[in-house]
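Letter by letter, the chains look like this.
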Amino acid sequence: MKKRKYPKDEIITFKSANEMPPLAVSLGSMRWNKTGSWRYIRPIYENKTPPCDEACPAGEDVEGVQYLCEQGKFEDAWKLILEEHPFPGVQGRVCYHPCEEACNRGHYDEAISIHAVERFVGDYGLNHGLIPPRLSQERGHKKSEKIAIIGAGPAGLVCAYHLARMGYTPLVLEAHPVPGGILRVGIPSYRLPKDILEAEIEHIIKMGVDIQTDSRVDRDLLLKDLKDFNAIYVATGAHESRNLNVPGEDASGVMSGLQFLIDLNLGKKIAIGKKVAVIGGGNTAMDTARSVLRLGSEVVVVYRRSRAEMPAIPAEVEEAEHEGIPIHFLATPIRVITDQERVVQMECVKMELGEPDESGRRRPVPVEGSNFIMDVETVFTAIGESPQLSFLTEDIQTEWGSIVVSDHGETSKKGIFAGGDAVDQPRTVAHAIGSGKVAAIAIDTFLRGKDTAKIAASVQIGQKGSVSMERYLRGEIRYNASKVVRFEDINLAYFEHKDRVDLPRADIEKAKQSFVEVNSGLPESAVTTESGRCFNCGVCNMCENCWVFCPDISISRKTDAFGYDIDYDHCKGCGICVEECPREAMSLEEEQK
Amino acid sequence: MKKVITGNYAVSYGAMVSRSQVIAAYPITPQTQIVELLSEFCADGLLDAKFIKVESEHSAMASCIGASATGARAFTATSAHGLALMHELLHWAALGRLPIVLANVNRAMGPGWSIWTDQNDSLSQRDTGWLQFYCESNQEILDTIIQGFKISEQILLPTMLVLDAFFLSHTSEPVDIPDIEVVDTYLPKYNATYRLSTENPYAFGGLTGPDHYFEIRYKMQETMDQAIEIARQADEEFERIFGRSHGLIERYYSDDAELILVVSGSIASTTRDVVDQLRSEGRNVGMLKVRMFRPFPRQEFRNAVRRAKKVAVIDRNICVGFGGIFYQEITSTMYGHRDDLPIFGFIAGLGGRDVTPNVIHEIVTHAETHDTPDTEIIWIGVKR
Ligand SMILES: Cc1cc2nc3c(=O)[nH]c(=O)nc-3n(C[C@H](O)[C@H](O)[C@H](O)COP(=O)(O)OP(=O)(O)OC[C@H]3O[C@@H](n4cnc5c(N)ncnc54)[C@H](O)[C@@H]3O)c2cc1C
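Taken in sequence, the protein lines are chains A and B. With my numbering as the guide, the letters of the first sequence map in order to residues 1 to 593. With my numbering as the guide, the letters of the second sequence map in order to residues 1 to 384.
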């Protein structure tokens with residue numbers, strides 16, 4: 001058939017039958033017919049926030065990581081996490097992964113194993129000697145302002161990491177002989193091997209962060225040495241163990257669980273009895289009990305509420321029980337019985353749950369006459385920690401033992417910022433990381449004289465306080481951040497049911513005898529399969545559905561970038577593309593007439 | 001190569017030697033063997049064609065339409081209800097100017113569920129724009145498929161060839177199956193003028209307003225008129241290569257006949273015998289076999305009956321509410337041309353009832369003994 005000789009965008013009207021083809025064939029085109037004028041709703045490409053992203057207190061692009069992992073692009077996935085924080089290897093092990101709870105796939109079959117995928121990506125980065133992504137010369141040029149960060153826990157280190165990327169040379173002051181905070185001195189190595197943590201901290205140091213260990217900041221130092229610093233970030237955590245407030249507590253066999261872990265992690269020798277009780281239901285209690293077990297003693301956990309109220313990460317509780325550690329629920333010590341200054345027994349009382357308290361959990365109340373006695377030689381207290389803030393000056397406001405801060409980590413004193421466990425926020429590594437990011441943004445905007453509140457608002461992901469550092473530093477808009485994709489928004493016709501891949505079950509008998517890491521990670525093939533289950537809620541992955549289904553050929557692939565173009569001259573607004581988008585990466589808007 | 005084969009197999013061989021490239025068909029009695037053998041040809045590599053199994057005749061024709069639009073030679077076969085189910089797409093194929101060839105095994109329409117022959121199924125598709133050929137023998141069936149592609153691909157209109165259920169479909173006769181290479185010289189590769197392709201994309205069958213639709217119909221009729229001459233040439237060329245021709249309307253002792261019997265399909269071979277016998281008795285009877293029904297070779301017909309005193313049309317079909325369909329065609333063909341010529345319309349053999357020599361004799365006797373027809377429909381053999 002000959003090439004067209006008819007004008008492309010005009011109506012062809014034949015004057016005689018002779019000129020005409022014998023059949024209805026499009027010798028010209030229908031482009032002259034601007035059917036777009038019929039439209040009263042318009043489809044738009046609008047990536048939205050996946051619920052996992054919103055749920056991640058550390059502000060990771062969780063969906064983006066799954067997208068890259070599915071394609072085996074682990075280096076890119078690692079770099080994507082490193083845009084937000086330098087701890088994928090750590091977080092792939094210790095994070096409580098609220099992302100999985102939020103995962104829409106959970107309503108379909110099972111949530112994606114996001115936590116296990118992150119661990120693989122973190123290890124991949126370390127095993128392949130990857131280098132964190134750097135910012136452009138323009139964005140990351142050297143800056144002269146002096147910034148001090150007190151405390152080298154996750155909050156302080158993450159803040160330092162981002163400030164260093166921005167061109168600052170933050171000075172981190174750490175009381176302990178090693179950096180890492182609870183990651184280093186609290187969490188035992190069977191959960192988080194030290195080499196993983198150290199390697200990731202090494203990335204931070206290489207970024208240009210100066211960490212001075214064995215440097216406890218007291219009020220004197222704060223007032224003198226840090227006087228001429230332009231900004232200070234207080235991220236000193238919460239290490240002060242709360243007391244039991246029962247008779248006999250002062251005996252030498254009653255110790256702080258956290259202090260025990262710190263000593264253990266710093267390689268100190270600790271003498272403990274053969275029979276040990278750990279009081280509490282949080283991570284400290286679990287880690288203490290499991291460490292005691294590994295030191296060869298008999299251990300029992302006593303917790304005053306029931307399993308549902310335990311603040312520890314559920315997986316940790318499960319593993320402790322797997323290892324054979326008994327947990328006495330609904331019981332609390334009322335007296336430590338000593339014999340010649342040595343602990344011999346502990347008297348407890350049974351509890352029952354009453355009305356909810358201010359934390360929303362049901363308040364435990366003693367059951368009269370239910371007292372019982374247990375034989376113990378060592379008692380570890382792990383009923384909570386509070387920040388140690390005596391070094392702060394009075395102009396920095398505190399409340400209930402925590403530093404008071406704004407949404408952006410600003411304290412009541414100009415130029416002083418705070419975050420992590422030292423402020424009133426959930427005590428998790430992810431939240432500590434998130435607060436470190438918030439503070440880095442606040443410090444940068446403060447030092448550059450910009451409107452912190454306005455900028456902070458523009459980098460929010462969803463409604464739960466997560467922020468995107470990538471957006472702040474690179475101006476990259478991941479998506480319409482305020483719209484979070486719900487399960488109902490997913491077009492399930494495009495997803496097959498598929499089992500979730502979990503971490504391989506560890507050999508408990510072997511594991512409980514040493515401080516070697518309990519769980520092994522996922523193999524590469526399992527990671528690609530698992531991230532392939534991701535719905536990619538709200539984020540276009542170029543599945544072509546819109547392009548394939550458009551009955552008006554009004555959607556075309558972008559030639560130079562990711563995504564599609566819509567030809568609004570001809571799109572009639574039928575909405576099929578939006579309906580067939582499996583992942584709500586398109587929306588319909590009413591046409592403004 | 002000569003083989004003794006059924007009419008159905010003659011269809012399959014015809015489609016094979018024509019190098020059909022796409023075959024989409026749905027089985028239906030009495031056509032099933034056609035599809036069976038073709039699928040075997042494809043499976044055995046004797047025919048390099050895409051064999052598409054479909055879920056209905058509607059889809060079969062749709063597939064042929066798609067295939068033909070891309071420039072492929074497309075073939076299908078069906079019968080009765082299957083053909084009726086295709087109806088919408090028969091229009092589409094014709095208006096889309098697609099040179100598809102379809103073999104229809106004439107079978108009576110149900111209910112009164114029947115698998116036996118009559119012509120109502122194919123004649124119901126008279127106005128869809130397809131060429132129609134009614135075959136008398138298995139050889140003619142095979143030849144008409146080859147000719148059908150030859151004609152259709154020149155004029156861009158589809159061809160339906162028709163064979164009687166059982167009398168032809170399941171009856172074996174010696175058939176000469178020409179060498180495929182010889183067929184190639186007669187039937188070159190189809191080179192579509194309008195082709196669905198990704199390199200040079202066009203949309204087909206789009207919205208066509210009153211500004212143009214009328215002309216599309218006009219051109220179709222114009223082509224149909226030309227098709228008569230093209231079919232004649234195709235038959236002549238066929239004869240030069242294969243030594244056989246079938247004509248559009250075959251004249252058998254008709255030139256000097258006083259009474260001419262007008263027949264189609266397998267009744268023609270019975271009539272041939274009867275005519276021979278009557279002629280030997282000195283009775284002046286001849287036969288016209290209408291092979292090409294669409295387009296109807298009107299002028300050729302008029303010439304053929306120029307000297308006749310009477311014409312008797314035998315219809316194995318009925319347009320209920322009017323009469324025999326061939327009868328209608330012929331009376332309207334003759335209108336204003338020979339008003340002195342009585343035309344008798346006989347209905348016989350519906351639903352596969354045998355049209356034996358005796359039936360033909362009865363028809364001849366009736367026509368001979370009446371000056372003009374008493375009624376528009378003369379029923380033969382009906383149990384009143
Ligand atoms: C035993 C235990 C297990 C845990 N397990 C998990 C877990 O599995 N998953 C999870 O998400 N969360 C877990 N948590 C909580 C989590 O570790 C904390 O929320 C997080 O580490 C807080 O980070 P941060 O940087 O604010 O403080 P920290 O990690 O506590 O770091 C604060 C740092 O500041 C230093 N410092 C304190 N005061 C001074 C000073 N005056 N001068 C200089 N340096 C000072 C400290 O030495 C310390 O290194 C656990 C907590 C504990 C105690």
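Take the hints with a grain of salt, since some may be wrong.
Counterexamples of contact, computed for chain A against chain B with all Cβ distances above 10 angstroms [what the hints assert, rightly or not]:
| # | residue |
| --- | --- |
| 1 | S26 |
| 2 | P133 |
| 3 | D220 |
| 4 | D250 |
| 5 | G384 |
| 6 | D499 |
Simulated restraints on C-beta separations [unchecked claim]:
| # | chain 1 | residue 1 | chain 2 | residue 2 | range |
| --- | --- | --- | --- | --- | --- |
| 7 | B | L207 | A | N18 | 19 to 25 angstroms |
| 8 | A | Y568 | B | E222 | 52 to 58 angstroms |
| 9 | A | R39 | B | G205 | 23 to 29 angstroms |
| 10 | B | K309 | A | E19 | 25 to 31 angstroms |
If you are wondering where the hints come from, they were derived from the structure by calculation, not from laboratory data. Where a beta carbon is used, it is the ideal one built from N, C-alpha and C, also for glycine.
Checked hints:
no.	hint	result
1	S26	violated (4 angstroms)
2	P133	holds (41 angstroms)
3	D220	holds (80 angstroms)
4	D250	holds (87 angstroms)
5	G384	holds (69 angstroms)
6	D499	holds (34 angstroms)
7	B/L207 to A/N18: 19 to 25 angstroms	holds (22 angstroms)
8	A/Y568 to B/E222: 52 to 58 angstroms	violated (43 angstroms)
9	A/R39 to B/G205: 23 to 29 angstroms	holds (25 angstroms)
10	B/K309 to A/E19: 25 to 31 angstroms	violated (50 angstroms)
In this structure, the earlier hints numbered 1, 8 and 10 are contradicted, and the remaining ones agree with it.
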